[in-house]
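The residues making up each chain are set out below.
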Amino acid sequence: AQSVTQLGSHVSVSEGALVLLRCNYSSSVPPYLFWYVQYPNQGLQLLLKYTSAATLVKGINDFEAEFKKSETSFHLTKPSAHMSDAAEYFCAVSTGRRALTFGSGTRLQVQP
Amino acid sequence: DGGITQSPKYLFRKEGQNVTLSCEQNLNHDAMYWYRQDPGQGLRLIYYSQIVNDFQKGDIAEGYSVSREKKESFPLTVTSAQKNPTAFYLCASSIAFKEPYGYTFGSGTRLTVV
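As given, the protein sequences belong to chains S and E, one line each in that order.
Per the numbering used here, the first sequence starts with residue 1, numbered consecutively.
Per the numbering used here, the second sequence starts with residue 1, numbered consecutively.
Just chain E, with the same shape it has in the complex (with noise of 0.2 Å):
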């Protein structure tokens, strides 16, 4: 079946260092996003990539870094200079970035800063 994979589903980080999120998509989709979610504040755009090598900035984009070298795999980097990156984060996909027809989520990755 279709759908977009992320890993790891539970993530722990260390003060100080960088961790990688892993999202993969085999559902041939051109435009791949980013959002964080933290309670009570829905969803906020990290970044995202319309098309292979790539991708703009969101609204909420330091700290973090994306590469987009492949058409199925967008992962995103959380860098020490993110001060609060405990959040949920979710990967989803799209045929084009202006279709309407909506977006398809992976299962998100929880980040903690311990």
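So here's chain S without its partners, still in its complex pose (with noise of 0.2 Å):
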């Protein structure tokens, strides 16, 4: 089985604040694990994935997420947010026997 839960449906900082989207996973077995962000009425771009090289990801744009088995977690984290960077966030898991299960999205808005 397989299941992703992302903490906080709409998530609101300051540009230039540090960037937090949380995301823990369940998995029977070692999972593959994906940020993807989509813009209004878009499909859905991938910004990084782990899978099993190196805990610390990092991906487009100046994201990264680390891999934390004890925590069951791989939360995204961007030093300093942009405008540009609202957007809804999606966190994945795949274990390689199903396809990509998605949590349930959250909503970044970034004040000026």
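If you are wondering where the hints come from, they were derived from the structure by calculation, not from laboratory data.
Where a beta carbon is used, it is the ideal one built from N, C-alpha and C, also for glycine.
You may find that some hints are simply not true.
[As the list claims (entries may be wrong)] So, partial list: chain S residues that the calculated Cβ filter (under 7 Å) puts toward chain E:
{"#": "1", "residue": "Val11"}
{"#": "2", "residue": "Phe34"}
{"#": "3", "residue": "Tyr39"}
{"#": "4", "residue": "Pro40"}
{"#": "5", "residue": "Gln42"}
{"#": "6", "residue": "Leu44"}
{"#": "7", "residue": "Lys49"}
{"#": "8", "residue": "Ala53"}
{"#": "9", "residue": "Phe102"}
{"#": "10", "residue": "Gly103"}
{"#": "11", "residue": "Ser104"}
{"#": "12", "residue": "Pro112"}
Mind docking these for me? Both chains are given alone in their own frames, and the hints should help you get the complex.
Next up, the structure:
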């Protein structure tokens, strides 16, 4: 079985502040983990992925995420928020046995 | 450029009508997927196909049907049996079903019942 929980459906930060979006997963086998971003009325774009190599994963636009097996977490961070980061973010998990399972999403708002 | 094309971008359906959403990819990917997106619920898997002429039901397949006659194409039909079809539909593809590199998504079709 595989599932993802995203804590916080809405997160608001000031421009230049740290971004932290939380994701916890459940998986019966070692997982593959992903973060996607979605802008209004568009498809999803891959930000970064964890595939059992380095536990700290760097993605596009200075986003990064750290895989913590002991906490079953894969939180997404960015040191300094930009207005263009305002979007919806989805965490997803796969065990390689099923299609990707997505979390319910976190909408990030960036205040000027 | 390679990618996934979904059409139409907006679609309106009358009660009792079947409609078909198109999804075409030129990435030479074996696997293709259909997800439904509703506000606050994330993406839910409708159907997926690992190879041509084969497809499996996802978590919410009732009221939907698919075909996979060509590697490039994976159309989704929303039938009259789907009681609440208003949603944003996303098509995706991947190199293979079990590979860990993630999916490429189309830009979506927004379906509204009128």
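Evaluation of the provided hints:
With its C-beta approaching chain E no nearer than about 14 Å, valine 11/S sits outside the 7 Å limit, and its interface hint is violated. Contact between phenylalanine 34/S and chain E, as hinted, is supported at the beta carbon level, the nearest pair being about 5 Å apart and thus within 7 Å. For tyrosine 39/S, the interface hint is violated, since its Cβ never comes within 7 Å of a Cβ in chain E; the closest pair sits about 10 Å apart. Given hint, proline 40/S at the interface with chain E, is violated; its Cβ is 10 Å from that chain's nearest Cβ, farther than 7 Å.
The interface hint given for glutamine 42/S holds, since its Cβ lies 6 Å from the closest Cβ of chain E, which is under the 7 Å cut-off. For leucine 44/S, the interface hint holds, the least distance from its beta-carbon to any beta-carbon of chain E being 4 Å, beneath 7 Å. For the restraint placing lysine 49/S at the interface with chain E, the shortest Cβ-Cβ distance is roughly 5 Å, inside the 7 Å limit, so the hint holds. Hint status for alanine 53/S: violated, given a least beta-carbon distance of 10 Å to chain E, over 7 Å.
Using the Cβ-Cβ criterion of 7 Å, the hint placing phenylalanine 102/S at the interface with chain E is satisfied: the shortest such distance is roughly 4 Å. Nearest Cβ of chain E to the Cβ of glycine 103/S: about 6 Å, under the 7 Å cut. The hint holds. Interface hint at serine 104/S: satisfied, since its Cβ lies 4 Å from the closest Cβ of chain E, which is below the 7 Å cut-off. Interface restraint check for proline 112/S: the shortest CB-CB distance to chain E comes to about 25 Å, outside 7 Å, so the restraint is violated.
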